[in-house]
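Enquirer: Those protein sequence lines, which keep their order, are chains W and F. According to our numbering, the stretch in the first sequence is residues 1 to 199, in order. According to our numbering, the stretch in the second sequence is residues 1 to 459, in order.
Bear in mind the hints are in silico, worked out from the structure with no lab data behind them. A hint or two may mislead.
[Said to hold, decoys possible] Under the rule of at most 30 Å between Cα atoms (straight-line distance), these lysine-lysine pairs were calculated in the BS3-like manner:
(1) F:30 x F:155
(2) F:9 x F:433
(3) F:241 x W:143
(4) W:13 x F:72
(5) F:363 x W:13
(6) F:241 x F:227
(7) F:241 x F:2
(8) F:100 x F:121
(9) W:125 x F:100
(10) W:9 x F:342
(11) W:125 x F:72
(12) F:241 x W:9
(13) F:140 x F:169
(14) F:101 x W:125
(15) W:9 x F:72
[Unchecked claim] Chain F stretches covered by chain W per the calculated footprint, using a threshold of three residues with CB under 8 Å from any CB of chain W:
(16) 74-80
(17) 418-431
Note that the Cβ used here is the ideal one computed from N, Cα and C, for glycine as well.
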Amino acid sequence: MSSRDTVLKAIRKSQREATPLPTMDQNWLTFDDPVEQFTTVLESVGGKCLQVSSRSEINDRLAEFPQFESANVRASTIEGLGLPTVSLDVIDDPHNVENVDFAVLAGEFVVAENGAVWVTDETLKHRVLHFITQHLALVVPSKNIVNNMHEAYNRLSFDGRRFGTFISGPSKTADIEQSLVIGAHGPRSHVVFLVDDDS
Amino acid sequence: MKHATAAAKFVANDERSHWHDKALWFIRSKRDRMAHSVPEWELLRDTAAAVKAHTMTHLAELLEQFEENATKLGATVHWAKDAAEHNEIVHKLLREHDVKKLVKSKSMLTEECHLNPFLEKHGIEVTDTDLGEWLVQLRKEPPSHIVMPAIHIKKEEVGELFHRVLGTKEGASDPPYLAEAARTALRQKFMEADAGLTGVNFAIAETGGIVVCTNEGNADLGVSLPKLHIASMGIEKMIPKAEHLGVFLRLLARSATGQPITTYSSHFHGPRPDGELHIILVDNGRSNLLASEDFHRSLNCIRCGACMNTCPVYRRTGGHSYGTTVPGPIGSILAPSRDAEKHSTLPYACSLCGSCSDVCPVKIDLHSQLLTWRREIASLGYVSLDKSVPMKLASAVFRRPWLYRLAGRVARNVVPRMPRFMLYNPLNVWGRKRELPEFPRESFQQAYARRKQTSGKGE
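Please model the entire structure based on the sequences and the hints provided.
Expert: Rendered as structure tokens:
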């Protein structure tokens with residue numbers, strides 16, 4: 001018998017009375033001002049949220065960040081934003097984006113309760129960029145905000161090959177005596193632009 | 001080794017034992033603040049427990065559904081009945097892909113399977129990339145906690161280790177400086193790796209996807225550079241639908257470290273366009289546990305570590321005193337299920353205070369199961385003589401009222417007159433860390449009779 005059949009048979013041996021699935025349809029936590037909640041939580045986990053009225057403001061706001069100004073290699077997947085110095089499309093091997101200092105990437109929506117942004121590799125050839133860049137800026141339409149994780153999963157459908165991740169703040173570790181260190185392996189800074197008019 | 005014997009070594013250093021206790025209590029307090037900030041916390045726990053209960057009564061179907069859907073997405077699903085088979089599958093995959101260097105993100109399952117030494121024996125360089133996990137790997141010791149593997153190590157010790165291994169400044173103990181040195185060294189490992197291996201926090205039957213949660217981003221880096229991603233998971237990681245993640249991701253990080261969510265909660269549905277994803281479903285004793293009427297609920301564990309952070313015994317004695325991959329309250333239930341004789345003392349490393357059950361995000365009745373284990377271990381005959389003989393004596397006395405009264409009288413009159421060296425003799429294990437109470441002059445019965453007499457006179 002194959003291991004598969006052995007395991008499944010062993011599981012089926014235990015005949016416990018089946019219990020029903022609970023409903024996910026509950027009065028989950030919502031916020032009067034989700035953007036404010038998102039901003040507060042994101043700051044508490046080491047990130048930053050900036051609300052802008054249109055995309056055209058973003059380059060100016062980026063220029064205020066010293067890590068953007070001093071970045072030698074910049075990458076962007078959003079046209080007109082982030083003053084890219086490399087073209088991601090011509091890079092075939094993900095190892096070759098290792099030198100990116102600042103990346104400006106698109107996020108799909110944000111979650112107020114925990115400061116997370118849902119990102120995918122839909123418009124990004126090398127998903128590793130989210131994790132390998134020294135600094136990360138995510139751009140999300142400000143109307144794309146949900147209160148909690150239940151609303152988040154109501155928005156998502158997983159029908160097909162896809163990578164997606166919730167990112168909440170910069171990479172961090174507390175493995176040395178519980179001292180929080182920002183910039184463990186991934187981005188050392190993390191800013192989210194919420195764009196009011198995303199046309 | 002008995003838990004008490006191993007723990008004695010740890011608590012011998014009083015300062016360190018207290019430092020450890022405080023570090024964990026700090027995390028427990030953060031967990032409390034987070035839990036209290038969510039008004040529906042108890043509803044979340046109830047819902048999570050119900051989802052897990054359902055999952056465990058439909059596990060075979062859900063695993064089949066998962067396999068079908070994951071395969072449709074282009075992943076390859078493997079089944080391993082035990083640790084040895086899991087390790088063989090990993091090794092075979094690495095050999096087929098000519099992998100010399102493997103980066104791993106934290107996986108308690110691969111610790112359980114002792115994968116690292118197995119692969120190293122076959123000439124493969126394995127690097128654990130979670131900082132805490134890397135620290136214990138470099139020190140050639142097991143993790144002492146499932147979420148914070150290096151919680152027992154002081155920053156000065158990290159400084160010494162890095163000075164030796166990485167050539168950092170001698171005497172440096174500044175966490176940001178040390179973490180930066182680790183970042184530089186590990187980035188090199190990520191760049192050179194031929195394959196990445198991760199654990200799995202949740203596997204979704206409905207979609208065939210897996211979810212991996214980290215704060216450092218090490219899992220994502222490890223599997224987004226090389227083309228081969230191997231994901232090892234225990235069969236109990238299954239959940240029916242993606243919507244259930246809403247519940248579990250809200251509970252997991254809040255319970256574990258007091259964060260609103262981990263920095264990265266990554267959902268892998270199939271391999272990268274040019275890559276391969278292999279998912280290994282591992283039983284290794286889990287189906288046995290599922291069949292156990294008393295202990296099957298311990299399979300519901302989502303490995304947040306909250307029961308360790310709150311446990312008064314774990315906090316003071318450290319994770320290594322348990323001698324198991326998973327320490328603390330949940331480990332003391334899981335380990336005897338594998339080998340009751342070897343781990344027979346673990347259910348006694350517990351004050352039955354019940355704090356673990358109170359904080360468990362999936363409402364496992366941990367302390368009740370620990371008590372049940374004690375009964376089981378006694379009936380299997382694994383209780384040590386220093387516990388079983390006094391219990392037998394006590395039982396004999398309690399069953400005979402005349403003997404009970406006699407023993408009480410003797411104790412009240414003789415014990416207070418006995419010299420200390422006789423009372424606290426080497427056979428008195430109980431008295432090593434405890435003092436006897438002051439003995440009353442009369443028994444309860446005598447006091448009751450006297451009281452009745454005096455109050456009777458008043459009427």
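Enquirer: All the hints need checking, so say for each whether the structure fits it.
Expert: The hints, checked one at a time:
Only pairs whose Cα atoms come within 30 Å are accepted, and residue 30 (chain F) paired with residue 155 (chain F) is accepted, the gap being roughly 21 Å. As the CA atoms of residue 9 (chain F) and residue 433 (chain F) are separated by approximately 14 Å, the hinted pair is consistent with the 30 Å bound. Our distance criterion of 30 Å between C-alpha atoms is met by residue 241 (chain F) and residue 143 (chain W), whose separation comes to about 27 Å. Restraint check for residue 13 (chain W) and residue 72 (chain F): satisfied, since their Cα atoms lie roughly 28 Å apart, inside the 30 Å limit.
For the hint linking residue 363 (chain F) to residue 13 (chain W), the alpha-carbon distance of about 25 Å falls within 30 Å, and the restraint holds. Taken as a hint, the residue 241 (chain F) and residue 227 (chain F) pair is honoured in the structure, with Cα atoms around 28 Å apart against an allowance of 30 Å. Only pairs whose Cα atoms come within 30 Å are accepted, and residue 241 (chain F) paired with residue 2 (chain F) is rejected, the gap being roughly 42 Å. Taken as a hint, the residue 100 (chain F) and residue 121 (chain F) pair is honoured in the structure, with Cα atoms around 12 Å apart against an allowance of 30 Å.
For the given pair, residue 125 (chain W) sits about 26 Å from residue 100 (chain F) by alpha-carbon distance, which is consistent with the 30 Å threshold. A distance of roughly 28 Å separates the Cα atoms of residue 9 (chain W) and residue 342 (chain F); the hinted pair therefore holds under the 30 Å criterion. Distance restraint check for residue 125 (chain W) and residue 72 (chain F): the Cα-Cα separation of roughly 22 Å lies within the 30 Å cut-off, and the hinted pair is therefore satisfied. A distance of roughly 23 Å separates the Cα atoms of residue 241 (chain F) and residue 9 (chain W); the hinted pair therefore holds under the 30 Å criterion.
Restraint check for residue 140 (chain F) and residue 169 (chain F): the C-alpha separation of about 22 Å stays at or below 30 Å, so the hint holds. Distance check on the hinted pair: residue 101 (chain F) and residue 125 (chain W) sit about 25 Å apart at the alpha-carbon level, within 30 Å; holds. Using a Cα cut-off of 30 Å, the hinted pair residue 9 (chain W) and residue 72 (chain F) holds, with the two alpha carbons roughly 23 Å apart. For the stretch 74-80 of chain F, the stated coverage by chain W holds: 3 residues have a C-beta nearer than 8 Å to a C-beta of that chain, and at least 3 were required.
Here's how the stretch 418-431 of chain F fares: 0 of its residues keep a CB closer than 8 Å to some CB of chain W, so the rule of at least three is not met and the hint is violated.
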